[in-house]
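Undergrad: Got chain A; can you put chain B on it based on the hints?
Residue numbers (the working numbering), protein chains in the order written: chain A, 1 to 442; chain B, 443 to 737.
Rather than coming from a laboratory, the hints here were simulated on the basis of the structure.
Keep in mind the model is a prediction, meaning the values are calculated, not measured.
Incorrect hints may have been included.
Output of the computed footprint for chain B on chain A, the stretches with three or more beta carbons under 8 Å from beta carbons of chain B [to be verified]: (1) 69-82; (2) 144-158; (3) 202-208; (4) 392-406.
Glycine included, each C-beta is placed from N, C-alpha and C at the ideal position.
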Amino acid sequence: MMLRLFLSLVLAVSFFGSFSAKAETELWGDFSGVTLRVKLIGGGQYEGLYNEVIPWWEENTGGKIEIVTQKNHFELDKEIKKDIASGNLDFCVASNHTSFASQYGNIYTDLNNIMPASVLADYTPLILEHSTVDGRLVQMPRHSDVSNLYYQKSLYEDADNKANFKAKYGYDLTPPETWDQVKDQAIFFSNPPDFYGTQYVGKEEAIAGRFYELVIANGGALFDEDYRPIFNSPAGVEALQWFIDLYNAKAVPDGVLNYLWDDTGLGFASGTIAMNLDWAGWAGFFNDPENSKVAGDIGLVRAPMGSGGLRTGWSGSHSFSMTESCPDKEAAASFLWALTSNKAQMIEARGGLSPTRPAIWDAIIAEKKAEGDEFMLMVFETFKMSLAEDAFTPPLIPEWIEFTNALYPELQAAILGDKSPEDALATASKKATEIMEDAGYF
Amino acid sequence: MRKFLNGPWVLLMPTLIILTCVVLLPLLLSLWTSFTPFKLTKPDTLYRFVGFRNYERLIGDLDFWIAFGRTVLFLAIALNLELVFGLGIALLINKITYGQRTLRTLMMFPMMFSPILVGFQWKYIFNDNIGLMNNFLREFGVIQPIPWLVDGILANVSIMAAEIWSSTSVFAILLLAGLLGIPKDPIEAAKVDGCNSWQVFKNITLPFLMPFVFIAMTIRSLDVARAYDIVQMMTGGGPAKRTELLWTLISRTGYVDAKMGMANAMSYISIFLSIAFTFFFFYKLVEARQRLSYE
Chain A
1 MMLRLFLSLV LAVSFFGSFS AKAETELWGD FSGVTLRVKL IGGGQYEGLY
51 NEVIPWWEEN TGGKIEIVTQ KNHFELDKEI KKDIASGNLD FCVASNHTSF
101 ASQYGNIYTD LNNIMPASVL ADYTPLILEH STVDGRLVQM PRHSDVSNLY
151 YQKSLYEDAD NKANFKAKYG YDLTPPETWD QVKDQAIFFS NPPDFYGTQY
201 VGKEEAIAGR FYELVIANGG ALFDEDYRPI FNSPAGVEAL QWFIDLYNAK
251 AVPDGVLNYL WDDTGLGFAS GTIAMNLDWA GWAGFFNDPE NSKVAGDIGL
301 VRAPMGSGGL RTGWSGSHSF SMTESCPDKE AAASFLWALT SNKAQMIEAR
351 GGLSPTRPAI WDAIIAEKKA EGDEFMLMVF ETFKMSLAED AFTPPLIPEW
401 IEFTNALYPE LQAAILGDKS PEDALATASK KATEIMEDAG YF
Chain B
443 MRKFLNGPWV LLMPTLIILT CVVLLPLLLS LWTSFTPFKL TKPDTLYRFV
493 GFRNYERLIG DLDFWIAFGR TVLFLAIALN LELVFGLGIA LLINKITYGQ
543 RTLRTLMMFP MMFSPILVGF QWKYIFNDNI GLMNNFLREF GVIQPIPWLV
593 DGILANVSIM AAEIWSSTSV FAILLLAGLL GIPKDPIEAA KVDGCNSWQV
643 FKNITLPFLM PFVFIAMTIR SLDVARAYDI VQMMTGGGPA KRTELLWTLI
693 SRTGYVDAKM GMANAMSYIS IFLSIAFTFF FFYKLVEARQ RLSYE
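In isolation and in its complexed conformation, chain B is listed as follows:
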């Protein structure tokens, strides 16, 4: 006992207690509810065990799997576009010698808006009747209004535009931090050896940046996999489920239909999506670091 009290466990205890209370217990409770028909308006249902019934229903629920697939697709496209735009912005700002700090601050502005406000703004921009986009296009002769938030493809593109506008700066800031940390010597040596700008970028800058890319990817993949506010504000997952993502479906099931047991079962399945992306990006991060150290 004395050995235990003098050992490292004692130092770890506060952390373990806090993690148990804040993370583990809520997780276990929500896992339990996913095996019950728990309805928010009928608290007694929390104690009725129904085994895997919720999961069995979800396996045969086409709406759920379509939302799951759409979330994966949304995540893949949004992350890659944010990476491309973020990298471009970071490279441009890195080139500037005057006013870089001001630009870095300006770049962070979209992140300062709450996602709900971003959703409202972009809903207005893409409104088919009074929206800025259609009025702008009308100046160029596009008379028939484009139903941005109704058409299946356009609605998803519109939501993606809002998501990318709001969060590209996360990539830009992390990649800019990476760019600022790259040693100058290898770049200068490569230029002396006759490498052009593309070769320097591809063979020196990018490998140095890759760990930062994967850290940004990991953070944003967790964010996007939980995308809710912007989608809810712009379309609510509709019309006709054309923009339904996992969390609009889960939120409606849990809080509007009050079927929290079913919503938690959906959440546990969707967690696998986040785990898969996180695992993939961490694997790539370790790989990129190892490659850097070899080189």
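One chain only, chain A, in its complex shape:
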């Protein structure tokens, strides 16, 4: 097959305006007559990229993109599992995530063999490492997630709040540095049902992930080196007790155990929540007066520390993968590059998402400085530091989602008072042991 792929080094000035970024390796080619079938994650925050990048790629290569599926990631995950079972992998590119990737076996190509090293050099090495499963680079990272703590600034500037808090807790009211301080302050600010100190995502992988990062921050771990569960530990009980204490104190809404990401984001924007641990993608929304009652009154600090002296930093990256069965791997490689290129990442960074290319971090920070946008500058600087110093992935094993499904009902049972934290974690630990045994870890 004639090699149609070519590389070029260009200065990425055309789409960054005045910014002069480091040279980017581009991956164009002539793909006239090629149609790539793709399955993509859908939703408001994700689709803007496709509207810009797909026409751009089609115009520059002559190829065509056929979007077969566009749905939320959990539905897409189910669809791809069904595709694997039926052997019907008739698409070339699909959205993926570092937390999901290890489930899919070998259906995705090892991009180490396809992407030129000069292209891979444009991405943050640690994120590429997290995108690797069993030594195979199965995804090109799109943007990264980590959470930091948003808060309503005016609450911390109020003189009465300062005096009353100091009198009650014995230390100054400042944005929290530890999760114990978050608890104190959340209880202090709460005035249910009109106002709550904080909130948390309360079900499925979401609460399991939040529990996981708190266990780590408390100095514990979910598994030992052989993947035997060890979260039924003092660090685990302490982490679970944090959720329970907030729930019992009514410092979080009663319905929090049914909340997922949209609920917490919209809740903070509604102005009824004092502090909210959330990802960078919400920043623009929170500070937009059209959507948010807290616009102009938002502070942001790095995620607080647990009792082990570590900050929480559950992290992962949205990504794109190429199937092993793809008949046009060169075209697919070019499209993967385009979807994660400087241009693509700059589009998403302007919406608040965290890029996976160091050059884009520099570019977006420079752009916000030039615009004098102090809020977004604070957001990007905070998240850049957090991703560099605090971020850690969940165990990158195929059983992660199944494990979280065994864990989260037990966490909920303890929060609702149906079980003690020790009983709940003992039951979850037993189920996790069964999952790991079945998977052949021990």
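TA: Just chain B now, kept in the frame of chain A:
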């Protein structure tokens, strides 16, 4: 051979072939997978026979049996309430002489919504923070928000309300069809003999309606025993499994955990529930018809 080709089998063959392909083969395949550790993400596991291991695990799985019991209870309460409301609506519409067709059409509106949309609507209605129900109650002095979708009893009641709202019209339509088919003579004769409205309803109308009741019960019992969409949208079976029904559990096991072998074993056990209800309602249907013909 010629006798076979000229016989009724030839006429039945297309039906038998279609039923075999569409019903029997998928059933046999899913039955086979229930004896394997089949994972969607590991297609090779489809060929590893593990005997009754999945079933043995389920027998000792308390979560599964609690979901099974909750499904039976949910089914019994929802069906009976739908019957009562459906019968009431059918009787009221049957009394109307003007605008009956319009009302019959309006009554069918809830059935036209997809169950997923119904789930979203009712999730919003019962949201503890911004939901219509709590805001409505607040107008009457209930300041503390009621955690409709968190409390064990209230969450099940909320889901049942959505299910009943969505499907009571099935009962109403079938029972209205029954009411329209009842001959007028026995009712008029009973009134001439001095029976009051309750006696007419109890001794004439209801026996005539019973076959329709059991047909509606059979159809709805199969529907409710497979309840998934509304529950998934409103609570996902949680929190802490408080609203877990068989199909939320089976769906999560099969499609999220990808353990399709185990999910199919759960499905085969749950099929007995549907068979039991169907058998019971058909038995009652035959009994009601026989009673009608005797009378």
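Undergrad: All the hints need checking, so say for each whether the structure fits it.
TA: Here is how each hint holds up against the structure:
no.	hint	verdict
1	69-82	holds (count 5)
2	144-158	violated (count 0)
3	202-208	holds (count 3)
4	392-406	holds (count 4)
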